[in-house]
Amino acid sequence: MHRRSRRSPSEQSLRGTVQTRIHSVSTAVPPHLMPQDVVADTARDIFGQTFPEFDRLSRSFRTSGVETRHSVAPLHWFREPRSWKERNALYLDGARALFFDAAGAALERAGWQAEEVDTIVTVSSTGIATPTLEAQVAGQMGFRDDVMRVPVFGLGCAGGVSGLSVASELATARPGSKVLLVVIEACTVSFRPDRMGKADLIAAILFGDGAAAACLSTDAAATGPDIRAGRPVQKTWPDTLDIMGWDVDDTGLGVIFHRSIPDFVNREFAAATDNALAANELDRSEIDRFICHPGGARVVEAIEAALDIVPGSLAEERDVLRQHGNMSAPTVLFVLEAALANGLRGQTLTCALGPGFTASFLPLSITDKATS
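Everything in the sequence shown is counted per my numbering, starting at 1 for the first residue and increasing by one.
Don't take each hint at face value.
To be verified - Here are the simulated DMTMM-like pairs of lysine to aspartate or glutamate, each with C-alpha atoms no more than 25 Å apart in a straight line:
no. : residue 1 : residue 2
1   : Lys235    : Asp308
2   : Lys85     : Asp250
3   : Lys198    : Asp41
4   : Lys198    : Asp249
5   : Lys198    : Asp37
Note that these hints are calculated values from the structure, not bench results.
Whenever a hint applies, use it, and build me the whole structure from the sequences.
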């Protein structure tokens, strides 16, 4: 990407008297591995004789950019019709286990104890939990009985960036408090053999399950890179409710996933990104790395084109998509974790698109601890 001369960290818009720092990011996946070729064969067994367009659309199994995924259920579970009750029970079992794994790893990396956490932000849109997930695992995790619980539902694929933004704002609002973000999706439980349209097949090709967690506060990070959050920005376009979301019926949640998403990204995403950067007194020339939600291979290509990024540059996005598929909300945090492990430093912008239709942005300034 092209860059102009840069301001020093102290001069950039991410400065402030109170600023959130991300102490750790962790991820977790459920135990059942689903190789894409095996999923394709299973889908053919289920739909090959009943869905006229299957042969034509099934080519996307090979071109999706996905090689493996993980699920909260073994593959044979999906061969039988399932009720909403069965689906949600599976979601709850899988989500509780993912919460424990992802949150536990984030706390360990941050050097925090569960009883130190003051606020928990839980993001999920693929099942219903009341009491919500953080309450269901509170005893197992060891959270205090006065911890503030902030469950968030309905953000879909934008939930990772939006959840990180909510957690950052809550940490800034209560300086010194410890905020735990946990983002969990079990997309596979919504696989619907009873209603097979193009969107349903594309979902079967792309989506997997996973979770991510992060620890945030305004205190100086004790170890690792210094990750400081900027001002969160969202953009919701009018008259776009039918692009992405859930269609709810007696059997469960049916995916709404419009084929226009890549074209929409090409047309609208650059301007939304520039506005988010301007709100942080930044522009694209100052961004060392965009951290993007990889919704699919075509979406990643559309983001690179829209933001004038060198084609193929979003390597971690493609790696995460290849290894895990699109896990909805936590996927962008998988990308962030991978990029940090590969030495990510500098000015970044995390971004994702989700139901609404909404783009969510959060700038992150990442430096080595010694230079912060």
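Do the hints match the structure? See the list:
The straight-line distance between the Cα atoms of Lys235 and Asp308 is roughly 20 Å, inside the 25 Å bound, and the hint therefore holds. At roughly 10 Å between alpha-carbon atoms, Lys85 and Asp250 fall within 25 Å of each other, so this suggested pair holds. Straight-line distance between C-alpha atoms of Lys198 and Asp41 comes to about 17 Å, which keeps the hinted pair within the 25 Å bound. Simply put, Lys198 and Asp249 have alpha-carbon atoms about 18 Å apart, close enough for the 25 Å limit, and the pair holds.
Distance hint between Lys198 and Asp37 is fulfilled; the C-alpha atoms sit about 19 Å from each other, no more than 25 Å.
When the structure is compared with the earlier hints, no violation turns up for any of them.
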